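Trainee: Here are the chains, one letter per residue:
Protein chains: 2
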Amino acid sequence: MSQSDSFSRIRVVLSRPAHPGNIGAAARALKTMGLSRLYLVRPKRFVDPQARALSSSALDVLAVAVVCDSLDEALEGTTLSIAVSARPRIIGPAPLEARSAAAEAIARAQTDEVAFVFGNETTGLSNEEVMKCNRLTAIPSHPDYTSLNLAAAVQVITYECRMAQLGPLPPTEQTAEFATHEDVEQFFAHLERSLYASGFLHPKYPRRLMERLRRLYSRLALEKQEVSILRGMLTAWENPRPPRSRPTHADAQKGSESGRK
Amino acid sequence: MSQSDSFSRIRVVLSRPAHPGNIGAAARALKTMGLSRLYLVRPKRFVDPQARALSSSALDVLAVAVVCDSLDEALEGTTLSIAVSARPRIIGPAPLEARSAAAEAIARAQTDEVAFVFGNETTGLSNEEVMKCNRLTAIPSHPDYTSLNLAAAVQVITYECRMAQLGPLPPTEQTAEFATHEDVEQFFAHLERSLYASGFLHPKYPRRLMERLRRLYSRLALEKQEVSILRGMLTAWENPRPPRSRPTHADAQKGSESGRK
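Taken in sequence, the protein lines are chains A and B.
Here the first sequence is numbered in our numbering, starting from 1 and rising by one per residue.
Here the second sequence is numbered in our numbering, starting from 1 and rising by one per residue.
Rather than coming from a laboratory, the hints here were simulated on the basis of the structure.
One thing to keep in mind: the hints can contain errors.
Same chains, same names: a pair is fine if it fits in one copy or spans any two.
As the list claims (entries may be wrong) - Listed below are the simulated SDA-like cross-link pairs for lysine to any residue, each with C-alpha atoms no more than 25 Å apart in a straight line:
#1 K224 / R89
#2 K204 / I229
#3 K204 / P95
#4 K224 / T79
#5 K132 / R42
#6 K204 / R241
#7 K44 / F178
#8 K44 / N120
#9 K204 / E121
#10 K44 / S57
#11 K224 / P88
#12 K44 / A221
#13 K204 / V227
#14 K44 / D60
#15 K204 / P242
#16 K44 / P240
#17 K224 / F187
#18 K132 / A86
#19 K204 / Q225
#20 K224 / Y205
#21 K44 / N127
#22 K204 / D112
#23 K204 / R99
#24 K224 / G199
#25 K204 / V47
#26 K44 / E129
#27 K224 / P206
#28 K204 / F188
#29 K204 / D69
#30 K44 / A236
The structure presented is a predicted model; accordingly, all values stated were derived computationally and were not measured.
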């Protein structure tokens with residue numbers, strides 16, 4: 001597989017960008033590093049002359065930019081999504097160095113869809129947005145002044161992607177199919193319902209339980225089949241049927257939406 | 001010698017910058033990476049409100065920026081000067097990778113003055129300017145589109161300086177307590193019991209389920225607290241106690257049993 005194939009599977013997602021100039025400058029950053037897929041979640045203004053001006057000659061990137069209504073929509077089909085944020089988080093996926101994140105992205109993009117997610121210029125990424133991603137990375141800025149310009153952050157990350165792409169590629173040993181963003185989100189929704197039903201997750205005292213569980217399972221790079229098994233387990237706990245006949249996956253899946261009986 | 005001493009000996013030289021906005025954005029880039037010394041050779045406009053605006057909060061860097069009449073003046077006192085240029089040159093010093101250039105800069109700056117030199121936005125560095133430097137480096141952009149924005153190029157180079165200064169990655173800091181082998185084994189035993197009880201794991205047809213689940217959870221480097229949460233979840237599924245305050249499917253069906261107080 002050629003290396004440029006990896007690049008065709010990497011998207012850069014800007015969540016709620018406020019300044020069209022930054023969208024243009026980000027498009028230019030992508031193009032200088034050989035990337036081309038820009039996703040915009042609820043941009044304040046787009047298309048805009050300022051975006052075109054600051055894109056320099058990267059109008060082709062802007063022309064095919066995908067505008068989305070939600071981060072979920074922008075992450076559809078990805079099996080690896082990496083939140084870029086300088087802000088320390090008490091909870092969430094364990095942070096990676098930008099360089100390691102890029103290496104992981106390039107390796108995964110040999111077969112799967114990958115996203116880097118950048119937040120709004122002023123407010124950055126919300127905790128909810130970070131929790132939707134399965135990795136967190138930070139550009140190691142000076143602790144006294146971490147405020148990278150949005151397009152500058154995109155430039156550094158895409159530069160690291162290009163460096164990782166140019167470098168020696170690690171052999172991929174993964175033959176199984178990774179779970180997509182939607183698969184994993186559906187698992188978390190199922191887990192939450194199931195924990196409410198069991199009483200372990202109390203609506204009044206959630207104890208950040210779901211955040212902890214997201215942090216735990218997001219470290220895994222879950223495979224599609226593993227998500228099926230986990231959801232089958234949840235369904236079985238919801239509707240226990242002590243063994244008499246052989247339970248099948250089909251039984252397990254059928255039960256998943258029906259709740260306790 | 002402390003590492004920050006190196007940074008005090010590195011200057012970033014912009015030769016003939018045309019747009020004040022780029023000067024401001026470059027100042028911001030320096031500051032995010034912990035650098036502070038900006039030299040401007042015959043800037044078209046400086047000081048300028050646009051430079052201040054785009055510097056974000058890096059006004060302190062702009063305030064001490066040194067304006068020079070010539071590149072020679074800007075390079076005074078340096079023993080290593082590195083021209084940053086994407087354009088291939090027939091003549092001049094042998095080109096270095098940006099990453100190697102940064103490593104060399106940091107090493108030299110432990111004792112000596114070092115400069116990175118960036119050219120004009122449109123025309124780049126002239127051959128004469130490149131010849132005044134003793135190294136040439138390029139940011140490895142895509143061959144079809146090498147046009148990095150000036151401030152973006154400064155961001156990448158200063159980022160590489162910071163990465164070189166930080167040195168080899170320290171082992172990731174894990175503050176939480178890892179689960180011991182026994183903790184994890186007890187979790188697997190609990191999981192297995194619970195799956196038998198639910199009927200999902202059939203004694204006669206185990207389908208290598210426990211092997212798959214071991215493979216899944218073993219990838220995690222589980223923390224002690226996480227094992228507690230996982231086991232708490234199992235216990236809750238084994239003995240569900242749905243919460244009163246939020247009606248579940250089960251409550252709805254039970255209906256009259258729960259009553260009101």
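Trainee: Can you give me the call for K44 and N127, within, between, both or neither, at a CA distance of at most 25 Å?
Mentor: Close inside one copy (20 Å), not across copies (43 Å); limit 25 Å.
Trainee: Between the shortest in-copy and the shortest cross-copy C-alpha distance, which are at most 25 Å for K44 and A236: within, between, both, or neither?
Mentor: For K44 and A236, neither the intra-copy (45 Å) nor the inter-copy (45 Å) Cα distance is at most 25 Å.
Trainee: State whether the alpha carbon distance between K224 and T79 is at most 25 Å within one copy, between copies, both, or neither.
Mentor: For K224 and T79, the Cα distance is within 25 Å only inside one copy (10 Å; across copies 28 Å).
Trainee: Classify it for me, K224 with G199: is the Cα-Cα distance of at most 25 Å met within a copy, between copies, both or neither?
Mentor: Result: close only across copies, 22 Å inter versus 28 Å intra.
Trainee: Since the copies are identical, ignore which copy is meant and state whether K204 and D112 lie within 25 Å (CA to CA) inside a copy, between copies, both or neither.
Mentor: Neither: 39 Å inside a copy, 37 Å across copies.
Trainee: State whether the alpha carbon distance between K224 and P88 is at most 25 Å within one copy, between copies, both, or neither.
Mentor: The answer is between: 22 Å across copies meets 25 Å, while 30 Å in one copy does not.
Trainee: Measure nothing new, just compare the shortest in-copy and cross-copy C-alpha distances for K204 and P242 to 25 Å and report within, between, both or neither.
Mentor: Answer is between; shortest inter-copy Cα gap is 13 Å, intra-copy 32 Å.
Trainee: I want to check one pair: K44 and A221. Are their C-alpha atoms no more than 25 Å apart within a copy, between two copies, both, or neither?
Mentor: The answer is neither: 33 Å in one copy and 41 Å across copies each exceed 25 Å.
Trainee: Classify it for me, K44 with P240: is the Cα-Cα distance of at most 25 Å met within a copy, between copies, both or neither?
Mentor: Neither, since 49 Å and 46 Å both go past 25 Å.
Trainee: Evaluate K204 and Q225 at a C-alpha cut-off of 25 Å and name the case that applies: within, between, both or neither.
Mentor: between (33 Å within a copy, 21 Å between copies)
Trainee: Is it within, between, both or neither when you check K44 against E129 at 25 Å Cα-Cα?
Mentor: within (18 Å within a copy, 42 Å between copies)
Trainee: How would you classify K44 and S57 at a CA-CA limit of 25 Å: within, between, both, or neither?
Mentor: Classified as both: same-chain Cα gap 22 Å, cross-chain 23 Å, threshold 25 Å.
In summary, the structure is inconsistent with hints 3, 7, 9, 12, 16, 22, 23, 25, 29 and 30 from the numbered list given earlier, while agreeing with the others.
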